[in-house]
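Trainee: This is what each chain is made of:
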Amino acid sequence: MTFAEKALARAAGRKESRAGEILIVRPAHLLTHDNTSAIIGKIARELDKYGLVSKELPVIVLDHVVPANDEKTAAGHKKVREFARRFELPHFFDLGEGICHQVVLERALALPGTVVVGSDSHTCSYGAVSCFGTGIDRTEAAALLLTGKTWLRVPESIKVELTGAFQPGVFAKDLVLTIIGQVGAEGANYLSVEFDGPAVAGLSIDERITIANMGVEMGAKAAVFPVDAAAEKFLRHAGVKKRAYQALWADPGAAYARKLSYDLSKIEPVLALPHSVDNVQPVTRHLGMKIDQCLLGTCTNGRLPDFEIAARILKGRKVHPGVRLLLLPASRTVLREAIRAGHVNALVEAGGVLLPPGCGPCLGAHQGCLAPAEKCLSASNRNFKGRMGCAAAEIVLGSPATVAAAALHGAVADPRKELAS
Amino acid sequence: MKVWKYGDDVNTDMLFPGKHTYTCATAEEIKPHLLEDLDPAFAKGVQKGDVILAGRNFGCGSSREQPVVGLAAVGVAAVVAGSFARIFYRAATNQGLLLVECPEAVAAYQEGDPVELDAAAGKVRVGGREFSFPKLPLEILAIREAGGLLPYTLAQLQKERGK
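The listed protein sequences correspond, in order, to chains A and B.
Following my numbering, the numbering of the first sequence begins with 1 at its first residue and continues without gaps.
Following my numbering, the numbering of the second sequence begins with 1 at its first residue and continues without gaps.
Errors might be hidden in some of the hints.
[Unchecked claim] Label pairs and their computed distance ranges (CB to CB): (1) B/K44 with A/K242: 36 to 46 Å; (2) A/D251 with B/P134: 51 to 61 Å; (3) B/E104 with A/E349: 55 to 65 Å; (4) A/G288 with B/K44: 40 to 50 Å; (5) B/A107 with A/A341: 50 to 60 Å; (6) B/A146 with A/S54: 18 to 28 Å; (7) B/A119 with A/E161: 40 to 50 Å; (8) A/I22 with B/K159: 51 to 61 Å; (9) A/A75 with B/E160: 48 to 58 Å.
The set of hints was computed from the structure by calculation and includes no laboratory data.
For every residue, glycine included, the Cβ atom is placed at its ideal position computed from N, Cα and C.
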């Protein structure tokens, strides 16, 4: 069996399953965020009548538009806080704790071998710690609050074998963009992507989160890594002992829809050009492309190593006067550690603008929307038309190092050169 | 009946911009913004019974229920596409919006062709040519027949808990 077949069978209380079957599964957790307000609005009467199926099930993180940008959003947040208090929810995190996916991972609410669903497409991030994380919609989240169960089709799987090690100046973001560029925006639609191979041991959990997070950009239902010493250490650090979870992984003879392999040493810095994530080209083909705004952060690339690499490039230097650099840490923990390590100071001294941990301008709701004809180089996960609030602006995606290099020059530059000097 | 034709990879930001996600929740609030960044003529011109015809990977991107709620509310009869992104597919199932995965029908379409649907028989006719699409699994049919996931869930709860 594949990982997906095993994990979904377990969540359905069965010994095995086969790709193509539809199972009724009981996820370990249900993630919702600012949209909790709309979700509970759908079932107000039923919540009074039947109550919540379990206090343990919901994980709620206010992150999408925080602090609130207007009265309507503020009223939504208030409703969510009241809901959390009313049902004494143990896993409610108010604004400032961070982006929902980072919070779930830091608090070890996504455990190996479990299924976690979320009313957010980047729920696939939890595959970094071998959890079958997958996105659902608001109505389904509402039904789950009442019943604790939903249907999932067991997906076929793609196996991606990773070998080698990155050259200096090349990062996990460059790898996952390269993969998406090759398989296409729907190359893994309905599929579970299993990353494996000797190079996995050399990838930090932070790097695995970046890769798993982008799984949905190729259509994947889940994007997962095996549990190894690094994952066990990450979970131990989050307060979870090894006996608290039972990891799963694919059998050697599992059947795959497709097998791919990548040598990390052959990957080079890349960009995803407007307006689709699979429009991937080498950075070197676009040197000098003028950039108006740089966004470092988000659930894709807002962790400590991302701030560290940007600080290495920008420390003691100045952000180019033609560009605005926005800094968006993925969580309070990341922010605290980045302050302690001096990265925040280096980036703010260089001219960066620090935003509160949250989703910020990534979805175009506030804190850095673009103007017509502007171009943003972003470490986030989507460059769709209109994504940052303006349909006449352009978004280019790249690694945090590529973002920092562009902030320095006001234009696309090769991050390898900045790190060599 | 009008056919609205679009290309591949129509994402949910095009169907309903992210900047409106926390200010619009009801169908009436959603309607004026439908397909805002893809086709500004759509929200003004769409009528009950219209069909959307699109390429592959329709509805990719963010989990965003509003476009589905909006399309169902304005009475779009179906979205016929080469393929659908999975979260959008679930959202449509949950709202009772008919999605037809039929790349052959999309490829056969020529400007001005009428598009007719027979969901029960799993048939779509485009400009006089008929194509079949796979019947839905029982689990999904049950949700559709109940009128969407919430009515389905509430009926089940009532049965189980008898309140």
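Trainee: Next, verify each hint and record whether it holds.
Mentor: Hint check:
1. For the pair B/K44 and A/K242, the beta carbons lie near 59 Å from each other, so the given range of 36 to 46 Å is not met.
2. For the hinted restraint 51 to 61 Å between A/D251 and B/P134, the CB-CB distance of approximately 29 Å leaves it violated.
3. With their beta carbons about 60 Å apart, B/E104 and A/E349 fall inside the hinted range of 55 to 65 Å.
4. Checking the proposed 40 to 50 Å range against A/G288 and B/K44 shows it holds: the Cβ atoms sit about 42 Å from each other.
5. Checked against the hint of 50 to 60 Å, the pair B/A107 and A/A341 passes, with Cβ atoms roughly 55 Å apart.
6. A C-beta distance of roughly 24 Å is found between B/A146 and A/S54, which places it inside the suggested range of 18 to 28 Å.
7. Checked against the hint of 40 to 50 Å, the pair B/A119 and A/E161 passes, with Cβ atoms roughly 42 Å apart.
8. Between A/I22 and B/K159, the C-beta spacing of about 20 Å breaks the proposed range 51 to 61 Å.
9. A C-beta distance of roughly 34 Å is found between A/A75 and B/E160, which places it outside the suggested range of 48 to 58 Å.
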